[in-house]
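First to last, the protein sequences are chains L and V. Be aware that the first sequence starts at 1, since it is given in my numbering, and climbs by one per residue. Be aware that the second sequence starts at 1, since it is given in my numbering, and climbs by one per residue.
Think of the hints as simulated: they come from the structure by calculation, not from any bench. Keep in mind that the hints are not guaranteed to be accurate.
Claimed, not checked - Here are the simulated DSS-like cross-link-like pairs (lysine-lysine), alpha carbons at most 27 Å apart as the crow flies:
| no. | chain 1 | residue 1 | chain 2 | residue 2 |
| --- | --- | --- | --- | --- |
| 1 | L | Lys126 | L | Lys170 |
| 2 | V | Lys214 | L | Lys435 |
| 3 | L | Lys232 | L | Lys126 |
| 4 | L | Lys297 | L | Lys177 |
| 5 | V | Lys214 | V | Lys199 |
| 6 | V | Lys72 | L | Lys126 |
To be verified - Chain L stretches covered by chain V per the calculated footprint, using a threshold of three residues with CB under 8 Å from any CB of chain V:
| no. | region |
| --- | --- |
| 7 | 213-225 |
| 8 | 287-301 |
| 9 | 372-383 |
| 10 | 395-405 |
| 11 | 412-419 |
For every residue, glycine included, the Cβ atom is placed at its ideal position computed from N, Cα and C.
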Amino acid sequence: MKKHLSAILASALALVLLMSACGPAASDPTKSPDNPDPKPSQQQDTPPADQPVTITYSNYNASGGNEETLQKMYEAFHEEYPNITVEIETIAYNDYFTQLQTRVSGGTAPDCYELNIENFAAYANKGALAEITGVDFSGLDETSLNAFNVDGKQYGLPGKFSNVVLFYNKDLFDQAKIDYPTADWTQDDLQKAAEAIRALGDDIYGYYQPLTYNEFYKVVAQFGGSLLNADKTEFTINAPENVAAAQMMADRILVSNVQPNEVQMGGIGDWDLFMSGRLGMMPTGIWAFNTFAEGCKFDWDITVEPGKEQKATHFFSDACVINNASDKKEAAATWITWLTSSDKAAAIRIEAGWDLPAIKDQSTLSAYLDITPPANRQAVFDSLNYLVVPPVIEDYSLMSDIIGQKLSAAAAGTLTVQEALDQAQSECQAQISLK
Amino acid sequence: MPQKANRRGGPKKDGLLTAAPFLLPSLLGLLVFSLLPLLVSALISFTDWNGLDQLLAPGFLQEHFIGLENYKNILSGAELWKVLGNTGAYIIMYIPLMLAASLLEAYLLSSTRRGVSAFRVVYYLPVLTSWVAASLIWTSVLSPQYGAMNNLLALFGIQGPGWLLDEKWAMAAIVLVSVWKDAGFFGLILLSGMVGINKSYYEAASLDGAGTWKKFWRITVPLMSPAIFYVLIVALINAFQLFPQVMIMTDGGPNSATQVMVERIYRYGFRYFRMGYAAAFSWILFVIIMACTAIQMKAQKRWVNYDA
Numbered sequence: 001m002k003k004h005l006s007a008i009l010a011s012a013l014a015l016v017l018l019m020s021a022c023g024p025a026a027s028d029p030t031k032s033p034d035n036p037d038p039k040p041s042q043q044q045d046t047p048p049a050d051q052p053v054t055i056t057y058s059n060y061n062a063s064g065g066n067e068e069t070l071q072k073m074y075e076a077f078h079e080e081y082p083n084i085t086v087e088i089e090t091i092a093y094n095d096y097f098t099q100l101q102t103r104v105s106g107g108t109a110p111d112c113y114e115l116n117i118e119n120f121a122a123y124a125n126k127g128a129l130a131e132i133t134g135v136d137f138s139g140l141d142e143t144s145l146n147a148f149n150v151d152g153k154q155y156g157l158p159g160k161f162s163n164v165v166l167f168y169n170k171d172l173f174d175q176a177k178i179d180y181p182t183a184d185w186t187q188d189d190l191q192k193a194a195e196a197i198r199a200l201g202d203d204i205y206g207y208y209q210p211l212t213y214n215e216f217y218k219v220v221a222q223f224g225g226s227l228l229n230a231d232k233t234e235f236t237i238n239a240p241e242n243v244a245a246a247q248m249m250a251d252r253i254l255v256s257n258v259q260p261n262e263v264q265m266g267g268i269g270d271w272d273l274f275m276s277g278r279l280g281m282m283p284t285g286i287w288a289f290n291t292f293a294e295g296c297k298f299d300w301d302i303t304v305e306p307g308k309e310q311k312a313t314h315f316f317s318d319a320c321v322i323n324n325a326s327d328k329k330e331a332a333a334t335w336i337t338w339l340t341s342s343d344k345a346a347a348i349r350i351e352a353g354w355d356l357p358a359i360k361d362q363s364t365l366s367a368y369l370d371i372t373p374p375a376n377r378q379a380v381f382d383s384l385n386y387l388v389v390p391p392v393i394e395d396y397s398l399m400s401d402i403i404g405q406k407l408s409a410a411a412a413g414t415l416t417v418q419e420a421l422d423q424a425q426s427e428c429q430a431q432i433s434l435k
Numbered sequence: 001m002p003q004k005a006n007r008r009g010g011p012k013k014d015g016l017l018t019a020a021p022f023l024l025p026s027l028l029g030l031l032v033f034s035l036l037p038l039l040v041s042a043l044i045s046f047t048d049w050n051g052l053d054q055l056l057a058p059g060f061l062q063e064h065f066i067g068l069e070n071y072k073n074i075l076s077g078a079e080l081w082k083v084l085g086n087t088g089a090y091i092i093m094y095i096p097l098m099l100a101a102s103l104l105e106a107y108l109l110s111s112t113r114r115g116v117s118a119f120r121v122v123y124y125l126p127v128l129t130s131w132v133a134a135s136l137i138w139t140s141v142l143s144p145q146y147g148a149m150n151n152l153l154a155l156f157g158i159q160g161p162g163w164l165l166d167e168k169w170a171m172a173a174i175v176l177v178s179v180w181k182d183a184g185f186f187g188l189i190l191l192s193g194m195v196g197i198n199k200s201y202y203e204a205a206s207l208d209g210a211g212t213w214k215k216f217w218r219i220t221v222p223l224m225s226p227a228i229f230y231v232l233i234v235a236l237i238n239a240f241q242l243f244p245q246v247m248i249m250t251d252g253g254p255n256s257a258t259q260v261m262v263e264r265i266y267r268y269g270f271r272y273f274r275m276g277y278a279a280a281f282s283w284i285l286f287v288i289i290m291a292c293t294a295i296q297m298k299a300q301k302r303w304v305n306y307d308a
């Protein structure tokens with residue numbers, strides 16, 4: 001019996017040892033949950049500026065083609081700031097967020113890292129991010145900066161941005177003998193043109209804008225609606241403007257059929273449909289330029305997206321953020337500010353064709369305009385006047401999934417638009433508590 | 001019988017000390033990577049942990065402990081019942097179809113007809129294929145207008161449904177793919193039960209004038225009932241844990257028609273930052289699986305025959 005007991009004791013001891021080895025973070029006072037609100041107190045715990053520091057930076061945007069571009073940027077940075085060494089970790093998008101979540105909760109997160117807009121609000125609201133202070137980010141575009149500002153505190157700097165413009169197939173417009181779209185088009189002009197192109201053939205379609213959450217919140221803004229009330233305390237998903245917006249999008253599939261339904265799409269992607277020459281117009285991201293330049297055997301160009309009550313167009317950005325538990329916040333802030341807003345980094349980025357830097361200075365961006373197609377590249381910058389950002393709430397993913405599921409049912413015709421939005425409204429109310 | 005008594009009592013007490021060093025490596029692995037996470041997840045299910053805060057920070061439990069709140073919310077919400085309904089629909093279609101398909105495969109494998117050797121090479125391929133690859137291929141096969149399946153049906157004059165795009169058919173499509181994927185594995189297990197049957201039973205039945213069908217129902221099925229029982233238990237547990245095919249083929253859609261337990265758990269834990277809620281969800285899943293297995297174990301006395 002005694003031996004039995006000692007064996008049990010031994011294994012219990014081993015277990016305790018292992019558990020304690022897993023938890024060195026418990027003794028770290030900076031990570032106390034009692035202090036979730038990040039204070040700009042990093043000055044005390046950072047070493048003086050003249051001492052060499054090493055920080056880690058995780059990102060996913062460079063994976064799959066731009067690892068060397070990022071390395072080039074870092075080398076330029078290190079020349080300017082020889083005391084700051086940055087260890088860059090580039091992780092593929094599919095693994096990035098699961099890994100990051102585990103590292104943040106385990107207290108081993110990198111000093112600074114990249115976050116997409118879907119995850120940004122959750123991280124900021126849960127106290128994982130530090131407010132970025134003591135650096136000059138006035139060179140950055142304000143719309144992009146605002147996307148990462150929570151309650152007046154800047155928790156992220158826009159690393160790059162891209163937006164959405166209206167792409168159109170010139171050849172199909174010529175065949176239908178109608179004018180090309182212009183920047184002052186409305187949704188009604190677009191509908192007429194789409195119908196004319198749809199009449200060209202059974203498998204030729206006028207327009208493609210899927211009834212997804214992402215397209216929906218943008219069209220809602222064009223109709224003057226919104227998914228939340230002004231102070232973000234209540235959902236307004238089934239407001240009349242929103243219903244009208246979704247109705248227009250659904251009718252294009254189900255009534256006028258200027259837009260293919262999922263069966264008519266036959267499982268091919270929207271870009272493939274456009275490149276096959278069977279689609280008149282589609283709003284999509286400027287990251288399609290290179291693919292379309294290579295893949296389209298016809299003339300195409302771009303313009304600013306049409307609006308309704310007002311214009312609204314997408315804006316996509318990723319934030320560079322600082323880990324609230326890092327003890328090298330100052331060096332981290334220096335690095336991400338340089339990375340996002342310095343002329344050198346911007347020039348390297350544009351040269352590599354790696355999205356657009358979110359900077360104000362148009363002269364740095366001019367090199368970007370010289371590349372064709374599309375001929376009307378200026379539309380990329382004109383669109384910036386109409387950017388809308390998605391409503392940043394803590395349960396962003398849950399909200400967008402609920403709305404997305406209901407919209408897909410409306411697009412398939414199994415729910416009416418009103419039913420779909422009513423259900424989305426009540427499910428969001430039931431499952432999400434807004435502050 | 002002294003031998004049997006000894007076996008029931010386990011190894012002699014002083015044997016334990018000798019065995020301990022040999023057992024320790026795998027035992028430690030079991031403790032650290034299975035038992036400990038199990039306990040921790042039970043603990044997490046009583047908290048509102050968001051998956052980002054540090055679990056080991058001092059005062060974590062005091063601040064985040066919410067008692068049975070997660071369980072109350074899940075059990076009183078409509079979502080669990082909807083998801084259970086979807087899972088139930090899957091099980092009702094999947095289990096009989098899978099059993100029929102794997103019995104057929106086992107029967108074909110055990111026979112000596114021409115072409116069987118080719119079948120022996122092919123039947124296990126779906127099992128070896130990764131779920132990701134299989135799901136992607138099947139998504140294209142089931143594409144309503146251009147997919148192979150509906151074009152095949154059209155040859156017989158049948159207008160195929162929208163499959164994954166149609167709320168009413170999406171789960172059936174998932175079942176179809178799952179049966180295709182799993183039948184080989186379960187067929188192999190059933191085969192082992194089938195070949196273990198003594199040939200003399202069949203000879204005796206033939207003398208009595210029993211046909212192939214009768215022999216199958218009266219001899220083959222009862223005598224391989226332990227294998228069938230095992231397959232049913234494993235298949236039911238797998239069915240409750242349905243996940244990769246849903247994630248890749250429908251992402252829970254259309255209109256949440258294919259949202260199932262594990263898909264919800266994954267989303268709550270890793271997309272919606274509600275790890276405590278997800279942990280509670282997984283414990284509810286555990287209880288359901290446990291109960292179903294217990295019922296099966298009880299019910300086996302009525303039909304499983306161990307006398308072969």
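Could you tell me which of the numbered hints above are not met by this structure, giving the numbers in increasing order?
1, 2, 7, 8 and 9
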